[in-house]
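Residue numbers (the numbering used here), protein chains in the order written: chain A, 1 to 227; chain B, 228 to 378.
Calculated directly from the structure, the hints in this document are not laboratory data.
The structure presented is a predicted model; accordingly, all values stated were derived computationally and were not measured.
Warning: the hint list may mix true and false statements.
Sample of chain B residues facing chain A (criterion: CB under 10 Å; computed from the structure) [to be verified]:
1. N243
2. H245
3. A248
4. Y249
5. G250
6. V269
7. D271
8. Q280
9. A290
10. T291
11. L296
12. G298
13. V301
14. G354
15. S371
16. F377
By construction, the Cβ of each residue, glycine as well, lies at the ideal position given by its N, Cα and C atoms.
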Amino acid sequence: MSLASLGQGVQDLQLFTAVRESRLVYPIVLSTHLACIAIFGGLILITNLRLLGWALTDIPATEMIRSLRPWKQLGFVVMATCGVLLGASKASEYLPNPFFQLKMGLLVGLALHGYYFRRTIYRTALPIDSRKARAAAVLSLILWVGVVSMGRWIAYYDPPAPPQQNLPTASSVTDPKTTCATVAPIQVMSFGGPSRIMNNTAVPKETWTRIAAITAAAARFSLSVDC
Amino acid sequence: MTARSIVYDTSTNFLNVHEWAYGLTEVAHILSLAVGVGLIAVVDLRLLGVGVQRVSAERLWRATAAISLMGLVVAVTSGLMIFSTDPVRYFDHPTMRFKLLLVLVALAFNYTLHSRVVRGNHPPIVGSSVAVLSLLMWVAVVFSGIFYAFT
Numbered sequence: 001m002s003l004a005s006l007g008q009g010v011q012d013l014q015l016f017t018a019v020r021e022s023r024l025v026y027p028i029v030l031s032t033h034l035a036c037i038a039i040f041g042g043l044i045l046i047t048n049l050r051l052l053g054w055a056l057t058d059i060p061a062t063e064m065i066r067s068l069r070p071w072k073q074l075g076f077v078v079m080a081t082c083g084v085l086l087g088a089s090k091a092s093e094y095l096p097n098p099f100f101q102l103k104m105g106l107l108v109g110l111a112l113h114g115y116y117f118r119r120t121i122y123r124t125a126l127p128i129d130s131r132k133a134r135a136a137a138v139l140s141l142i143l144w145v146g147v148v149s150m151g152r153w154i155a156y157y158d159p160p161a162p163p164q165q166n167l168p169t170a171s172s173v174t175d176p177k178t179t180c181a182t183v184a185p186i187q188v189m190s191f192g193g194p195s196r197i198m199n200n201t202a203v204p205k206e207t208w209t210r211i212a213a214i215t216a217a218a219a220r221f222s223l224s225v226d227c
Numbered sequence: 228m229t230a231r232s233i234v235y236d237t238s239t240n241f242l243n244v245h246e247w248a249y250g251l252t253e254v255a256h257i258l259s260l261a262v263g264v265g266l267i268a269v270v271d272l273r274l275l276g277v278g279v280q281r282v283s284a285e286r287l288w289r290a291t292a293a294i295s296l297m298g299l300v301v302a303v304t305s306g307l308m309i310f311s312t313d314p315v316r317y318f319d320h321p322t323m324r325f326k327l328l329l330v331l332v333a334l335a336f337n338y339t340l341h342s343r344v345v346r347g348n349h350p351p352i353v354g355s356s357v358a359v360l361s362l363l364m365w366v367a368v369v370f371s372g373i374f375y376a377f378t
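Whenever a hint applies, use it, and build me the whole structure from the sequences.
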């Protein structure tokens, strides 16, 4: 089973089909994902500036980390929920995409980073060793810059064109049976039809419980990982 | 002669010529936005009474203002570079016009009312209102930037 066909199975799930085909949910989720980078990125940045010793050195680093932790967790949960919705709704394109694979690799790196420095930096009550703090901050910044960059570049990858088979020959082409009547509504839907938050394929009740399940999973994860 | 008839061949723009220039500029735009807006958000959270509570909002603002300004300068510069790749299309698009206007308002707000309230001794309701307004404006800037591509 190829990555693309695995992704096709994921994105064909009703929830992800609904996100992909909706006129407004997809851009709303994408904007929220980006807004989280802008708002909660600042929390990661200020923590790292403190660990580097470049700002607010009169506040103990441990206290800074502790006071910002719930807000970082909130940011992570929102960002990850949106990210899963975005990624899974286009999984067949994304899984074989090298930029997406790199981004996932860097996210794994961030999780490992959090675990590695957990005892000495992120969850310690003792004063932090400044050399270790600098190492943790530099690594965190590199990994996050990588995650954001690769996230943006997912859109830049052109998959190799599939080999074309069974091209129609002049004699095999017959007059199209479908008339414009069936095509027009589709065009109206995609170019300025009625604005619907979810289109007809969406089943709102189940959709919300599934999004809640993704959020809950992200919340559980965020409690165990620091950044 | 209208502005639109000025001869400018976008195919000569550096960002349209070099394969990686556009992508790198976009990444710089997003990262610098995170630096500029993210540090403003840290101050806003403090104005709302949460986050780094050990020091005052003014102290946080003083510690982050220079880096935040650098982030915003890079964000605006890289944004204008992206704008220059196809200025007529960007300028004619209503969502992009809204975003440009909102950026100007948000920047003006940040360096007038926002910084004054942060430094002054105001009742908490004033600080909270300014913080909520500031956060909403910057989030709206991000939303309009994305919705430009979808509307």
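Less than 10 Å between beta-carbons is the criterion; does B:F377 satisfy it with respect to chain A? Since the shortest Cβ distance to chain A is 4 Å, the answer is holds.
Given B:D271 as an interface hint, is its Cβ closer than 10 Å to any Cβ of chain A? 9 Å, holds
Does B:V269 hold up as a contact with chain A if the rule is Cβ-Cβ below 10 Å? Nearest chain A Cβ about 5 Å off; hint holds.
For the hint on B:A248, does the least C-beta distance to chain A fall short of 10 Å? 12 Å, violated
Should the interface hint for B:G354 be scored as holding, given a Cβ-Cβ cut-off of 10 Å against chain A? 17 Å, violated
With chain A as the partner, please determine if B:S371 meets the hint condition of a C-beta pair closer than 10 Å. 9 Å, holds
Under 10 Å is the threshold here; is the Cβ of B:Q280 close enough to any Cβ of chain A for the hint to stand? Hint on B:Q280: holds, closest Cβ of chain A at ~6 Å, below 10 Å.
Min Cβ distance, B:H245 to chain A: is it shorter than 10 Å? 13 Å, violated
Satisfaction of the B:T291 interface hint, Cβ to chain A closer than 10 Å: Hint on B:T291: holds, closest Cβ of chain A at ~7 Å, below 10 Å.
Against chain A, is B:N243 within 10 Å by beta-carbon distance? 14 Å, violated
Interface hint outcome for B:G250 [beta carbon to chain A under 10 Å]: 5 Å, holds
Per-residue hint verdict: B:V301, partner chain A, C-beta under 10 Å: Violated. Min distance 13 Å.
Checked against the numbered hints given earlier, the structure breaks hints 1, 2, 3, 11, 13, 14 and satisfies all the rest.
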